[in-house]
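The listed protein sequences derive, respectively, from chains A and B.
Take the first sequence: its letters are residues 1 to 253, numbered as in this note's numbering.
Take the second sequence: its letters are residues 1 to 226, numbered as in this note's numbering.
Hint data in this document are derived by calculation from the structure and do not stem from the laboratory.
Because the structure is a prediction, the values reported are computed rather than measured.
Please note that the accuracy of each hint is not assured.
Unchecked claim - Listed below are the simulated DSS-like cross-link pairs for lysine-lysine, each with C-alpha atoms no more than 30 angstroms apart in a straight line:
no.	chain 1	residue 1	chain 2	residue 2
1	B	Lys-124	A	Lys-160
2	A	Lys-73	B	Lys-126
3	A	Lys-120	B	Lys-126
4	B	Lys-124	A	Lys-110
5	A	Lys-22	B	Lys-45
6	A	Lys-133	B	Lys-56
7	B	Lys-56	B	Lys-124
8	B	Lys-124	A	Lys-133
9	A	Lys-110	B	Lys-107
10	A	Lys-120	B	Lys-56
11	A	Lys-30	A	Lys-78
12	B	Lys-209	A	Lys-114
13	B	Lys-209	A	Lys-73
14	A	Lys-120	A	Lys-34
15	B	Lys-56	A	Lys-78
16	A	Lys-73	A	Lys-34
17	B	Lys-153	B	Lys-126
18	B	Lys-6	B	Lys-107
Unchecked claim - On the chain A side, residues computed to face chain B include the following (Cβ under 10 angstroms):
no.	residue
19	Leu-76
20	Glu-140
21	Ser-142
For each residue, glycine too, the CB sits at the ideal point set by N, CA and C.
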Amino acid sequence: MTEKLLVVEDLYKAFGSLQVLKGVSLVLGKREKKVIIGPSGTGKSTLLRCVNRLTTPDSGRIYLDGVEITGAKGQLTKLRQQIGMVFQHFNLFVHMTALQNVRIGLTDVKRVGKAEATQKAMAVLERVGLAEKAGSYPAELSGGQQQRVGIARAIAMDPKIVLFDEPTSALDPELIGEVLNVMRELAEEGMTMLLVTHEMGFARSICDEIIFMENGEILEQGPPLQFFTSPKHDRTRQFLHKITELYGQGGEE
Amino acid sequence: MQILLKEFPSLLQGALLVIEIAAGHLTLGFLLGLVLAAMEVYGGKSISLLGRTIQKVLRGIPALVLLMLMYFGLTRIVDVSSTVIAIVALGLRSAAYQSQVFRGGIKAIESGQMEAALSIGMGKLKAIRRIILPQALRLVIGPWSNIFTMEVKDVSLAYSIGVLEILRRARFIIRYTHGNAMLLYCMIALFYFIIVRLGNTFLYRLEGKLWIPGFERRGRTKTRTG
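Generate coordinates for the entire structure from the input sequences, incorporating the hints supplied.
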């Protein structure tokens with residue numbers, strides 16, 4: 001296996017009396033892409049949010065490139081700069097243009113000069129195909145465009161890994177493709193990615209491993225081909241059956 | 001009439017002092033109000049409690065009583081003018097009121113905005129300053145114009161601690177001319193009316209100028225007819 005980039009060890013998290021994560025462990029090598037699937041409410045998003053500490057786990061450890069994220073206090077902002085996050089509801093800064101959204105991390109977090117930051121932000125917007133929308137506010141963009149700006153905002157920081165939390169779930173079906181295309185390009189460029197998604201076709205075509213979670217635990221994981229053709233658990237099979245009914249075979253979207 | 005012309009500079013000075021106190025106490029209230037709101041919303045248990053307590057105490061005391069308290073309390077300890085006391089007393093109360101307007105604005109911003117800011121490595125304070133407040137403040141210009149309208153007029157309460165604002169100067173004139181009361185009070189009423197109207201017009205314009213696609217705007221909401 002390649003060099004380990006993200007290591008999650010025995011993660012536990014409860015919200016009140018609800019135990020959301022019950023000892024989740026996973027490893028992501030450099031340039032690897034893994035997709036987490038599973039029924040809603042099983043802790044997939046919580047797991048992602050623990051990785052950049054938007055949620056603090058109760059116990060367990062997370063390491064990014066050998067540095068422990070859990071327990072880090074003063075370094076937290078430094079660590080988060082290395083972890084991009086793309087949200088289900090985009091969460092673009094609504095009072096800023098697309099360009100400002102992408103640029104603010106560079107100017108205000110990385111302290112890059114404005115001219116240089118603008119140049120870089122424009123280049124990243126170009127990459128997601130939205131250079132001509134640089135001056136538009138989020139409310140003036142379609143959902144797909146907003147999410148592409150969201151991806152641009154994340155990758156402009158040159159993160160070591162990007163987390164995707166159901167990036168296409170809030171989109172109209174005809175807008176999903178453009179976002180998946182940007183994600184696919186990113187994957188092909190070698191970005192390390194951890195995704196929660198129901199886009200099985202996409203998962204199959206880009207990821208190294210599929211992780212099936214249920215009730216706060218990882219039930220099964222494996223390379224897509226093996227995972228889809230011969231799942232070990234009955235529960236996995238049921239879930240896959242349901243999701244193919246809903247989203248189609250997903251040979252390719 | 002002659003006397004009024006002669007006394008006009010005095011009244012003008014009183015009017016200017018009203019504007020000065022209003023600008024001072026609203027500014028003080030703005031800054032402290034932001035701090036109190038941030039304490040309430042983002043502070044941990046104890047900081048939040050402290051913020052709420054300050055806010056509740058200040059909102060629970062009549063402005064006139066607060067003015068008296070500060071006047072008799074402060075002048076014993078330090079040598080400050082009654083004008084400064086008026087600014088501080090009214091400013092503190094304004095901070096308590098404004099904090100609730102700001103708190104509402106901050107709460108109206110989706111939590112995803114803060115999360116996105118944190119996710120790119122922004123510190124919490126910076127996120128509040130660069131992401132949350134620019135949105136929250138745009139939202140509260142309307143409610144804030146209420147604060148402005150009420151509290152500009154409350155400057156007249158400074159009369160009670162001997163500030164030489166427009167009302168006290170008018171009273172002098174009334175006393176030594178033995179008349180003109182109605183005329184002078186009407187002038188003062190007109191003065192406050194004009195200040196309030198000008199201020200509100202400015203705030204409306206500001207709201208329009210700072211408007212961003214996707215934000216609500218006063219008077220632009222489409223209503224269904226029929």
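Open item on the list: Please list, smallest to largest, the hint numbers that this structure does not respect.
Closed with: 6, 10, 13, 15, 17, 18, 21
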